Amino acid sequence: MNKFKAYIKIGVIDALEMRFQLVYWLYVNMAPIVLMAYLWSNVYSKKDLIGGFSLNMMVTYYILTRLFNRIVSTYSEERIAKDIKDGQLNQFITRPISYLAFKFGERIGIRIINLAIVIPIYAIMILFLKKYFIWQMSLLNFTIISVNLFLSLTSFFLLAFIIGLMAFFMIETHSLNGLKEQVTGLMSGYIFPLSLLPPELQHIFKYLPFAYYYDFPMQVYFNRISVHEMLLGLIIQSIWIIILYIICKLMWKKGTKNYEATGI
Amino acid sequence: MKILIRYIKLYLHFVSNCITRELLFRTHLILSFCARLMLFGLYIMMYDVIYKNAASIGSLNYDQALLYLSIFFLVDTIGFTFFIKNFSTFPEYISEGKLDIVLTKPVDSQFFVSVRYFSLTSLFSMLPPLGLFIRQVDRLHIALDPYHVFLFGLFLVCTLIVYYAIWFITNLILFWVNRIDALHEFFVTIWRFMQFPPDIFQNVIRLFFLFIVPILLTIEVPMQALTGSTIKISHIFLLVGASVLSLLISRILWKMGLRRYQSTG
Numbered sequence: 001m002n003k004f005k006a007y008i009k010i011g012v013i014d015a016l017e018m019r020f021q022l023v024y025w026l027y028v029n030m031a032p033i034v035l036m037a038y039l040w041s042n043v044y045s046k047k048d049l050i051g052g053f054s055l056n057m058m059v060t061y062y063i064l065t066r067l068f069n070r071i072v073s074t075y076s077e078e079r080i081a082k083d084i085k086d087g088q089l090n091q092f093i094t095r096p097i098s099y100l101a102f103k104f105g106e107r108i109g110i111r112i113i114n115l116a117i118v119i120p121i122y123a124i125m126i127l128f129l130k131k132y133f134i135w136q137m138s139l140l141n142f143t144i145i146s147v148n149l150f151l152s153l154t155s156f157f158l159l160a161f162i163i164g165l166m167a168f169f170m171i172e173t174h175s176l177n178g179l180k181e182q183v184t185g186l187m188s189g190y191i192f193p194l195s196l197l198p199p200e201l202q203h204i205f206k207y208l209p210f211a212y213y214y215d216f217p218m219q220v221y222f223n224r225i226s227v228h229e230m231l232l233g234l235i236i237q238s239i240w241i242i243i244l245y246i247i248c249k250l251m252w253k254k255g256t257k258n259y260e261a262t263g264i
Numbered sequence: 001m002k003i004l005i006r007y008i009k010l011y012l013h014f015v016s017n018c019i020t021r022e023l024l025f026r027t028h029l030i031l032s033f034c035a036r037l038m039l040f041g042l043y044i045m046m047y048d049v050i051y052k053n054a055a056s057i058g059s060l061n062y063d064q065a066l067l068y069l070s071i072f073f074l075v076d077t078i079g080f081t082f083f084i085k086n087f088s089t090f091p092e093y094i095s096e097g098k099l100d101i102v103l104t105k106p107v108d109s110q111f112f113v114s115v116r117y118f119s120l121t122s123l124f125s126m127l128p129p130l131g132l133f134i135r136q137v138d139r140l141h142i143a144l145d146p147y148h149v150f151l152f153g154l155f156l157v158c159t160l161i162v163y164y165a166i167w168f169i170t171n172l173i174l175f176w177v178n179r180i181d182a183l184h185e186f187f188v189t190i191w192r193f194m195q196f197p198p199d200i201f202q203n204v205i206r207l208f209f210l211f212i213v214p215i216l217l218t219i220e221v222p223m224q225a226l227t228g229s230t231i232k233i234s235h236i237f238l239l240v241g242a243s244v245l246s247l248l249i250s251r252i253l254w255k256m257g258l259r260r261y262q263s264t265g
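In order, the protein sequences belong to chains A and B. Numbering-wise (the working numbering), the first sequence opens with residue 1 and increments by one. Numbering-wise (the working numbering), the second sequence opens with residue 1 and increments by one.
Extracted from the complex, chain A is given alone in its bound form:
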């Protein structure tokens, strides 16, 4: 009986800990959006339109880009690097399992569970900021955004995989993650909409994979681009996925040749 009570206690503590983790998640997700809402409210008190964005559009932009981030971002690189360094890659090399496919499947699984947590959080957030939020979803932009998010998840994962594989060639890859985050932050429109940047930079970013993570789906959401541009965007994104996949394959081939099985 005492043992059973102890099990119940463990269960309660576990559930409580999970609850705190959820509250923490809620906080970590909401805080930057609240900050941006304050910042832009102040900025827009002196001007109605900045870079074609109204205050409501800007707040909607920040809420949705953070939601998209929760859907597409994968941080597999550290795990992959750890597998390589600790020699845990052996089980994948000796078995008929594709490491890349395994990791990608694993990421999708994690994302599905994550979404169950994240969607209620964002629903609360939208309610909290409802006077700013613009609802502008049609069947067309919903379809394009859904396809785009899946492609972004794939592209984000392949990028993380490439950085993770760098552990074959470098001892410490943590700094590469940081660099990737900053590059992505700037070129994807995560920090601010790319349309606020000079046109030359916008033009360059259009041909890189990053802009399709956040800026592109928001352009689609606000109907700021034509159907032709939407389709072109998806094609560019698909081409980048092929390029990143080829890089992954080449790195894997070269890396496994260097791999010493006991860890590097």
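If you're looking for bench data, these hints aren't it; they were derived computationally from the structure. The model shown is predicted, which means the values in this text are computed figures rather than measured ones. Accuracy of the hints is not assured; some may be wrong.
Simulated pairs of lysine to any residue, SDA-like, Cα-Cα distance not exceeding 25 Å [to be verified]: (1) K82/A <-> I108/A; (2) K180/A <-> S119/B; (3) K85/A <-> S88/B; (4) K82/A <-> D63/B; (5) K46/A <-> A182/B; (6) K47/A <-> D63/B.
Beyond 10 Å from chain B on every Cβ pair, some chain A residues (computed) [claimed, not checked]: (7) A123; (8) K130; (9) M251.
Glycine residues also receive a C-beta, built at the ideal position from the N, C-alpha and C atoms.
Starting from the structure of chain A, add chain B where the hints point.
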């Protein structure tokens, strides 16, 4: 005095040990520096975007805003240099039971867990904000007389104490809730609110940052001291009071946390 010298010597050993270790990974050092440099550049770009669109943040003009940003990043990089590695190790200490070893050492445990690790990368990351700071001081024609420099230094120390104490306190949650991933980000997320001038915050959130998590004045007051602007006496009291009180609370909570610590994690 003897104890102080002992602790300084010990700290210098910690620093030299960490530097030796970090210098082994030079590529990592350079890449980390580049990442921080990019982060800094990103915020300058954001300020640029806002001001180029004929808008402004709070009551500051572009040059004042950049001075504010440079002080924010200076405090941030100093804080990261001394504490990031320590506070991200907290789960190992508290949840995994590694605090046992610390408690058996003949040294104050709060001191040890707060400063055992030192980040050379973050120290290098101080250079870009320092460069911007010097540039803005020059552009704003700030006369660096000893009185204002002294006040600036004094308030900056208060800011760093608040920064340390609140960050430390937020990590102590682990004594009560054993499992929260990346808890050290808790404070960093709050702290990021101060990267923009505080007059953008009104009403409840302003009061929150004044009295509950007292970081609202941490950049503004030192900046006002440096530029020779009038500082409200109440603001000085609030900043100095916050530094003393938060340090005291950090000590009390650490002692309380140790009583809850179960050694096995």
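Taking the hints in turn, this is what the structure says about them:
1. Restraint check for K82/A and I108/A: satisfied, since their Cα atoms lie roughly 20 Å apart, inside the 25 Å limit.
2. A hinted pair counts as satisfied when its Cα atoms are at most 25 Å apart, and K180/A with S119/B qualifies at roughly 20 Å.
3. For the hint pairing K85/A with S88/B, the CA-to-CA distance comes to about 21 Å; that is within 25 Å, so the pair holds.
4. Distance check on the hinted pair: K82/A and D63/B sit about 45 Å apart at the alpha-carbon level, beyond 25 Å; violated.
5. Restraint check for K46/A and A182/B: not satisfied, since their Cα atoms lie roughly 38 Å apart, outside the 25 Å limit.
6. With a C-alpha separation of about 20 Å, the suggested pairing of K47/A with D63/B holds against the 25 Å cut-off.
7. For A123/A, the non-interface assignment is confirmed: its Cβ lies about 21 Å from the closest Cβ of chain B, beyond the 10 Å cut-off.
8. Residue-level check passed: K130/A sits 18 Å from the nearest beta carbon of chain B, beyond 10 Å.
9. Its beta-carbon lying about 17 Å from the closest one in chain B, M251/A satisfies the requirement of being farther than 10 Å from that chain.
The structure is inconsistent with the numbered hints 4 and 5, although it conforms to all the rest.
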